[in-house]
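Student: Sequence:
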Amino acid sequence: MRTVEVIQNLPGTSYGLYNDERLIGFITVEAAETTVEVTKLCIDPTYFRARLATTLLEHVLSLHEDKLVYVHTGKHNGPAKKLYTKLGFEPSAEFEPEPGVTLIRFTRS
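The sequence shown begins at 29 in this note's numbering and counts up by one.
To be clear, the hints were calculated from the coordinates, so they are not data collected in a lab.
Be aware that a few hints might be false.
[Stated by the list, open to error] Below, in silico cross-link-like pairs of lysine-lysine (PhoX-like), each with a Cα-Cα straight-line distance of 20 Å or less:
no.	residue 1	residue 2
1	Lys68	Lys103
2	Lys110	Lys68
3	Lys95	Lys114
4	Lys68	Lys95
5	Lys68	Lys114
6	Lys109	Lys68
Please take these sequences and the hints and turn them into a complete structure.
Tutor: Below you can see the structure in the form of structure tokens.
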């Protein structure tokens, strides 16, 4: 539950999708010269399975075609892993930032 004001103050650049004037999804990225990290990807649960995450990721990928793009997700987050794979990302690392939490890094070049 983030407000537009909170999202606007996140590090990086954010892109949002709206239904009327209501924010229903957003993505935040931090871009460097040769890489882009997706740091947040949030969709209103009411709109799950409406392809909003795909739309947001495709937008970012179109803006950064010449860069290495990466994102992290939980090891057991099946829908996210399926989405990233569908968009050409490949698992590139697995790590445990804290005990009991395993993340996978997906990379697309």
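Student: Quick one, are Lys110 and Lys68 close enough, alpha carbons at most 20 Å?
Tutor: holds (17 Å)
Student: Does Lys95 sit within 20 Å of Lys68, going by the straight-line distance between their CA atoms?
Tutor: holds (18 Å)
Student: With a cut-off of 20 Å on the C-alpha distance, tell me whether Lys109 and Lys68 pass.
Tutor: holds (15 Å)
Student: Taken at face value, is the distance from the CA of Lys114 to the CA of Lys95 at most 20 Å?
Tutor: holds (18 Å)
Student: Under the criterion that the straight-line Cα-Cα distance not exceed 20 Å, is the pair Lys68, Lys103 satisfied?
Tutor: The given pair, whose Cα atoms are some 16 Å apart, holds under the 20 Å limit.
Student: Next pair to validate is Lys68 with Lys114; report whether the Cα-Cα distance is within 20 Å.
Tutor: This hinted pair holds, its Cα atoms lying about 19 Å apart.
Checked against the numbered hints given earlier, the structure satisfies every one of them.
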